[in-house]
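Build the complex from these two chains, which are given one at a time in their own frames, with help from the hints.
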Amino acid sequence: MAGSLLAFFTLMDNQDGIIVKGKSAAHSSPPTSRPPLSDSLHLDVKMSAIDLTLRADPPKFDLELYIQNYKGRTRFDRLFLIGRSSVPLCVDALKAAITEAKRGKDAHRYREAVECLRVAAPSEPEATFDQAWLEALEAANLLETSRLLTELKGYKNNLIKESIRMGNEDLGKHLESIGDLNAAAETYSKMRPDVSTPKQFLDVGKHLVRVSIQRREWGMVSAHLSKMGGAQHAEEEKTVQPYLKIAQGIALLGQDRFRDAALSFLSADSSIAASTYSEIASQNDIAVYGGLLALASMDRNELQSKVLDNSQFRTFLEQAPHIRRAVTQFVSGRYSACIAILESYRPDYLLDIYLQKHVAAIYFQIRSKCIVQYLIPFSCVSLDTMNQAFGGPVQGIEDELSDMIQSGALEARINTIDKLVTTKAANPRAKMQESALRAAENYEKQALDRLRRMGLAAAELELKGGKKMGAFPSSQGDFLSEESLEL
Amino acid sequence: MDKLASALLNFPPAGGAPDDDRYHWAAKSHSQKVDQLAGTPHFRESAAQLLDHVDPALNSISHLSLLSAARSANSLPQAELLAKVSIFLSTFDARQIRYAGKPFSVLLDWLVGWTLFPASVAVELLTTALLRLDPTGSVLTSHHVALVRLAFDTDNVELALPILEKNIVFYPGAKGQLEARPLCASDLPPVSYMTVESGLTKQLTSGDVLQYDLLRGLCFIQRRSWAQALEALERVITYPARDNHSCSKIMVEAHNKWILVGLLLNGKTPTLPNHTAAGAQKAFATLGKPYQAIGKAFEESTAESLRTEFESVGPQFFSEENNLNLMRLVMQHYQRWQVLNLRRVYTKISLEQMRARTQSAETAAPLATEAEMEALVQQMIDEGMLSGAIERPADGGPAYLAFHHHETDAQGGELTEAEFARKMARAAQRLAGLEPLVKATNERLGTNREYVRFLALQQKKDKDARRDYDLSFLNQVEDEDLMTGVVAGF
Numbered sequence: 001m002a003g004s005l006l007a008f009f010t011l012m013d014n015q016d017g018i019i020v021k022g023k024s025a026a027h028s029s030p031p032t033s034r035p036p037l038s039d040s041l042h043l044d045v046k047m048s049a050i051d052l053t054l055r056a057d058p059p060k061f062d063l064e065l066y067i068q069n070y071k072g073r074t075r076f077d078r079l080f081l082i083g084r085s086s087v088p089l090c091v092d093a094l095k096a097a098i099t100e101a102k103r104g105k106d107a108h109r110y111r112e113a114v115e116c117l118r119v120a121a122p123s124e125p126e127a128t129f130d131q132a133w134l135e136a137l138e139a140a141n142l143l144e145t146s147r148l149l150t151e152l153k154g155y156k157n158n159l160i161k162e163s164i165r166m167g168n169e170d171l172g173k174h175l176e177s178i179g180d181l182n183a184a185a186e187t188y189s190k191m192r193p194d195v196s197t198p199k200q201f202l203d204v205g206k207h208l209v210r211v212s213i214q215r216r217e218w219g220m221v222s223a224h225l226s227k228m229g230g231a232q233h234a235e236e237e238k239t240v241q242p243y244l245k246i247a248q249g250i251a252l253l254g255q256d257r258f259r260d261a262a263l264s265f266l267s268a269d270s271s272i273a274a275s276t277y278s279e280i281a282s283q284n285d286i287a288v289y290g291g292l293l294a295l296a297s298m299d300r301n302e303l304q305s306k307v308l309d310n311s312q313f314r315t316f317l318e319q320a321p322h323i324r325r326a327v328t329q330f331v332s333g334r335y336s337a338c339i340a341i342l343e344s345y346r347p348d349y350l351l352d353i354y355l356q357k358h359v360a361a362i363y364f365q366i367r368s369k370c371i372v373q374y375l376i377p378f379s380c381v382s383l384d385t386m387n388q389a390f391g392g393p394v395q396g397i398e399d400e401l402s403d404m405i406q407s408g409a410l411e412a413r414i415n416t417i418d419k420l421v422t423t424k425a426a427n428p429r430a431k432m433q434e435s436a437l438r439a440a441e442n443y444e445k446q447a448l449d450r451l452r453r454m455g456l457a458a459a460e461l462e463l464k465g466g467k468k469m470g471a472f473p474s475s476q477g478d479f480l481s482e483e484s485l486e487l
Numbered sequence: 001m002d003k004l005a006s007a008l009l010n011f012p013p014a015g016g017a018p019d020d021d022r023y024h025w026a027a028k029s030h031s032q033k034v035d036q037l038a039g040t041p042h043f044r045e046s047a048a049q050l051l052d053h054v055d056p057a058l059n060s061i062s063h064l065s066l067l068s069a070a071r072s073a074n075s076l077p078q079a080e081l082l083a084k085v086s087i088f089l090s091t092f093d094a095r096q097i098r099y100a101g102k103p104f105s106v107l108l109d110w111l112v113g114w115t116l117f118p119a120s121v122a123v124e125l126l127t128t129a130l131l132r133l134d135p136t137g138s139v140l141t142s143h144h145v146a147l148v149r150l151a152f153d154t155d156n157v158e159l160a161l162p163i164l165e166k167n168i169v170f171y172p173g174a175k176g177q178l179e180a181r182p183l184c185a186s187d188l189p190p191v192s193y194m195t196v197e198s199g200l201t202k203q204l205t206s207g208d209v210l211q212y213d214l215l216r217g218l219c220f221i222q223r224r225s226w227a228q229a230l231e232a233l234e235r236v237i238t239y240p241a242r243d244n245h246s247c248s249k250i251m252v253e254a255h256n257k258w259i260l261v262g263l264l265l266n267g268k269t270p271t272l273p274n275h276t277a278a279g280a281q282k283a284f285a286t287l288g289k290p291y292q293a294i295g296k297a298f299e300e301s302t303a304e305s306l307r308t309e310f311e312s313v314g315p316q317f318f319s320e321e322n323n324l325n326l327m328r329l330v331m332q333h334y335q336r337w338q339v340l341n342l343r344r345v346y347t348k349i350s351l352e353q354m355r356a357r358t359q360s361a362e363t364a365a366p367l368a369t370e371a372e373m374e375a376l377v378q379q380m381i382d383e384g385m386l387s388g389a390i391e392r393p394a395d396g397g398p399a400y401l402a403f404h405h406h407e408t409d410a411q412g413g414e415l416t417e418a419e420f421a422r423k424m425a426r427a428a429q430r431l432a433g434l435e436p437l438v439k440a441t442n443e444r445l446g447t448n449r450e451y452v453r454f455l456a457l458q459q460k461k462d463k464d465a466r467r468d469y470d471l472s473f474l475n476q477v478e479d480e481d482l483m484t485g486v487v488a489g490f
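Line by line, the protein sequences are chains F and Y.
Quick note on numbering: UniProt numbering labels position 91 of the first sequence as 91, and the sequence is numbered without any gaps.
Quick note on numbering: UniProt numbering labels position 279 of the second sequence as 279, and the sequence is numbered without any gaps.
You can take every hint at face value.
Listed next, the stretches of chain Y that the computed footprint assigns to chain F, with coverage defined by at least 3 CB atoms under 8 Å from CB atoms of chain F:
1. 161 to 173
2. 245 to 257
3. 415 to 424
Please keep in mind that the hints were generated in silico from the structure rather than gathered at the bench.
C-beta atoms are modelled at their ideal positions from N, C-alpha and C, and glycine is treated no differently.
Only chain Y is shown next, with the shape it has when bound in the complex (with noise of 0.2 Å):
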């Protein structure tokens, strides 16, 4: 057991490795040796009582290697497994388990399988650890798909979203990839050794991640974050298709929710993005059909004809496409949307003229009451969707709406200088955050066989067109001209 032990804490060596290849050399024999160790018996036995003598933070490789024995040799007590997993998982070494990408799969997918933790803990293990792996969030694993999907299901969507705001730009397959640097270097990107081959994450298909993103805009839609959930339907509609007529099921479903809450956040129909693919853009022109109806009805200045647009499609349809409560949120916005409206052609108007102008969906009339009237515009300025208050005149007259207009005031919309070197700044700062993923991706790229092949391709037929051009330059001269030094350079 003591030679067990000795060997286990063997790496990584005290002190430090030198520099990145021999810690490289020293990590991949290390997780070897425990991988063959693990397959005896005796390994077994004692990882129970080994566990509390390998540090999970200094040596993760062989702590892992003793979690997944001792859970399968059930020698552990099941809560102090738990306990065991939740420390592990949360402080880690992320540069050793890059060489023990496939037992530390296995772990986080006990962790989405399992029903021993409470989904809540199981969802915030899952987001610290992936975070853990990759600081950037920036490449999709199998592991993002299961963890937006548990998060989704069981409702913790608060506790994933540290994954879910990130912006996922590489995916784990890509083909020819020439990395010269070994697994453990510092300042290799996230994209490089979250692979299929280090075991990280398993292989993808178009399938996951429109899925992945589908559940990420749902996850958003159940916060009623609009412009996040728009931003993420929006990225499975425009998916990339190789062909003029694919288009999945998936990107149909995301493209009805996105108008929909398009609807809900501008108050008017999103214009599809010009990259949409062809197939798509035909495939939501007819299957998209009452959604669009919906939507063109919501910008119209009277209530009866979205009405009659929703009546018609009836609820069933909607709750069968799983969109009745998407769609009941639309009908009581427009009346907001048509408040709202109005701020940019009155500046004050009485809660009498408001009611006359604006129509509740639900019953294509105005509503009865200037109370109610007045209940709706005072549930507007709670929630800040409208920037305004209600006034009641001392002598009596009707209350009025006045609305708050950034025109209005001094600077008549102005920033102040300050104001806005500080909002370009910010602007500046995000920008410049991408530059990491942009370095990533035209490293990649220049290391890709078929992008050097075909740049090679390129340079060659450049040489060959300027050798055309200077042959046919040189015989369109006539003998006269060529006293005059024109050909002289050539």
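Isolated chain F (complex conformation) (with noise of 0.2 Å):
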């Protein structure tokens, strides 16, 4: 049973997926989908081999309680993703993505899922194909696709528009459904020349968007969303709020903007119930979005003016207190502490849909600035301290801070024999000295050009068109035969 597992993390390590490894005890799986001990220590060894992400600690959450925050076609997105990524939990969300995808149409997804659960774990009743349901599915499908299509068609020769209007949401929801994204974009925007009121307006943006975001074609959520934005009722436009700012986040996320991003998390309006968008996200979700990215990219200040005494946030942070709570150390200057409540909650980070892929990106950016911060204060700090504060025990931070310093986010130099970090206060003074020095000197070198180039034009030697390369004799090149520089 191990056996298969590690075959299937294998098998998903070569398709460059991450995967999140925790201890096999101590989460509500049925035992049987637990490896038993013995197998799980060689798994251990395997598995660190595989990838160096791999974490002691299992995923804080409970699954159940997990999904039910969501509603729509992105709780099997979930599910699949933790199925894929995560090997305690890996059975169960695979299960559980199955009883899901059989709730619903989508012929492909329950296939995938399937395949997936016969690998890690074949032996469960799950991992056998239903066929006669599957058929029985698609026959049906495609019956309503049809039906769909001839409906709509006979809206379009009545010429109502709001019979196309509707016949066209609903063809596009079923497109959704069964998965076929491409067409069901199509669908939905069909829907737009059509729209008469505010509400439907919306409605077409959120199918989109909702779409996109499924796609995973950030630059489209982020299109889509500025065509919502513009001229709605104020009535409708609060009730969609949240929706409007968590899809940005979400699609500034995906285009690494981590910045604007948290911007757009940090300003969801708390009041309006969480299912208006708990097809994309969940409120624990915005807390820690908002919260993490601000910490990547905020300093303190703004974290306290912008995250701890934002009362629309506060609501969301009350989901998430761990993030409070590493907001709150990092503002009152505890960053190791702040630190280790972020590593904690690594894995997960990493079973999360939108945040996986940036998790490496957002820590590391969270403990340079850590590192940074840290270092203010001082004009020399001893190594050891800093070891201390931030050093794990499998790396200095020594190698850490010359990757900083080099990339140019920290002003400091290291000396390694009496175990210092200097820090490099700015002298204003001698930068205005360089600055004045290189002036003169490129304002010479440019004069001189530019007195060149005059030169050229009055005596007509520039180059001429008609004669493209080799517009000399290649004669000329043959007295530079010679290279004459002595080694």
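What follows is the structure in structure tokens.
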């Protein structure tokens, strides 16, 4: 059993998936799905060879409770991702995903999930294809599609705008549910010309945003959102505000624009019911996304004013008290505590559908910021102190510091002999002097260059067209045949 | 013969010419007369004897014609002729020679073509003569091109440096110049007399100009004067073009060397100046690929890709492009630059750590022993590339390198007021030195027929535009506004 799990994750690893390993114990999964202890040790050894991102801690959340927060197609996506990425939750999540898929109409998803489970845990009852169901489903889907298409054609012939819009919406929803996202997006966008009320306008936008998010087309998400942004009724806008902000945040996160994404999450209105946006994210997610991204991109003052003192966002933060703690620790200057909290939650975030790809980058930014902030009040710090504050057992802080200095994130010098880090104070006077001298030098160079160009132009010596490359006889190149530089 | 002598000594007039105009006419007629005389057989026969009586510094035109005659008649012993030529070239009166450009050019051409002089002497004489003619060194002539080639081919770069280090901004062959001053005027910028018409240079092509700068670059490379080499090569690659597609082979060659020199000088690939011609940029992008790849690999933190790049292209290729030695030097310098870059991160670092952190591009691995590392660092310190010192603690701890940082000094890298003022003054002086060049350019532009026509057109256009504006404004004014005095000024 553990063998098959190992085979599965090796496969996932080969497909560049992220693997989050946990201890086999301490989770609410049925005993059958848990690998025996001895095997799991063996697995541990092999797994750590596979991926260095492996962590000893299991995720801190409960799968059932976690998935309850969502509705719609994102449930399957999330379960399936966890199934493919988390060692302790693999079988549970895949089984839940299969159940979820069976509830829906998307045959492709069902196949995918079952295939994964077949590799990971062949002995599970869910691991066999329900061929009869599958065939019935596919037949029903086809029938439904053609029915809706015929209906739509009828509406179009009658030229009733409202019916055409509804026909398109029904068809779009159906296509989305059977997993044909491309066609769904196309159909949804056909609704646009027949929109008559602000609510319908927003619905079209929401459909398109949802589909684009599923297709991971972040640029499209932003484009649809900006279309939704303008010209709406104040009332409708209010209810849809968190949806817009969250979708915008996710899209920006997908495009690596951490600071903009953080600002977007932080401005989400918490007074609107979570059900309006549960098809893309939960309240907990908003707190985590907003908090983490703010930590990665803002300084202490901004964190205080925009995160902790933000009454809107406080409601979200209550859902994720550890993020609140981490931010507070950062603001009050206890950077190692902040990092410790975040590190303990790293496996959780690696299982998040939108965060997974960015966890490493976000954590790296937070860590560098902690180090930079830590060094600000000092002119000289001993490496040992820094190691205690930040160093992991594996890697000393020195290499990290040297990387940061080299990349320009930190202005400091390391003294490896006396084990000191000296921060470099900016010297505006020296900078001014240097820039003045450089400006004079540049001026001279430019002036000469311009004079030369004018001289060439006056003598009509510029290169002329007509004779392209090799405008000069090759014999002119021959005299260079000797290289006289001596070594 | 006495008649000849008196004719030859007739110019310059005793006591000097009263003004430029008279000097001009006198010089002109004298030069013509000497030309006529030089055609007579009698002149040729007595040239050798007359040479001793005509002072090269005073009667330069006459002396020059005698030298040519003596040479073509073969009437002087070799050594004596050479001595006379050398004396003439180092003492001639540059103002007179403006009127005898053609024979003077012929003399300089002998110098390059002759194998009688040792090359070093020829280079030195040519340099002296050119600088006497044009002390600013701002005009390119055909002799410059010959000089740089001779100096480079015969390995006599150092003697030509006074010329090579000058900034050339003028080129002969400008059309439509209206020069009112006589050729001998003392305030005449060199560009106005170093012309094809005066015979002091031949007409140049763009190929000549490009070659001159490329060869200058090669000369500086030979001297390992990387900054000057980079500047010279940059002049080649930014050579202006009239259209968007032309590019010369010489420019591509210069571009490839320019990348390598940039790596040696700054440790990173130089960025192409914005005003590089579009056609050249395209050509560089395709034909300079191997070099750009080398530049990219050079900036990486491990030597592996640099070595792979070098080996995949192969020494054969670089040798065919005449860049093999330069390329080898780049490979050698990779580790040096890694060491140098550590200065940005460390104040003190043990040699052992340095050894582990830097790699030789030749083997793509760290050096084998600490001693090798020490030798390399010491060499860099000795060459002045690195400012720092190797220290060995007395308690037997590991040897380490302490970088000397400006910013760790007491003043934090700041110059003292006096030092700064001195540097600024020097910069200002250099800028002031450009003034004559700017003035000459300005004058030439002002007297250029095409520019004057352009300016007149522009002024007319401005006037038209102004009138149109006034009209349209008046049309916009409402009747009521007439009372408020809006249009009072019109």
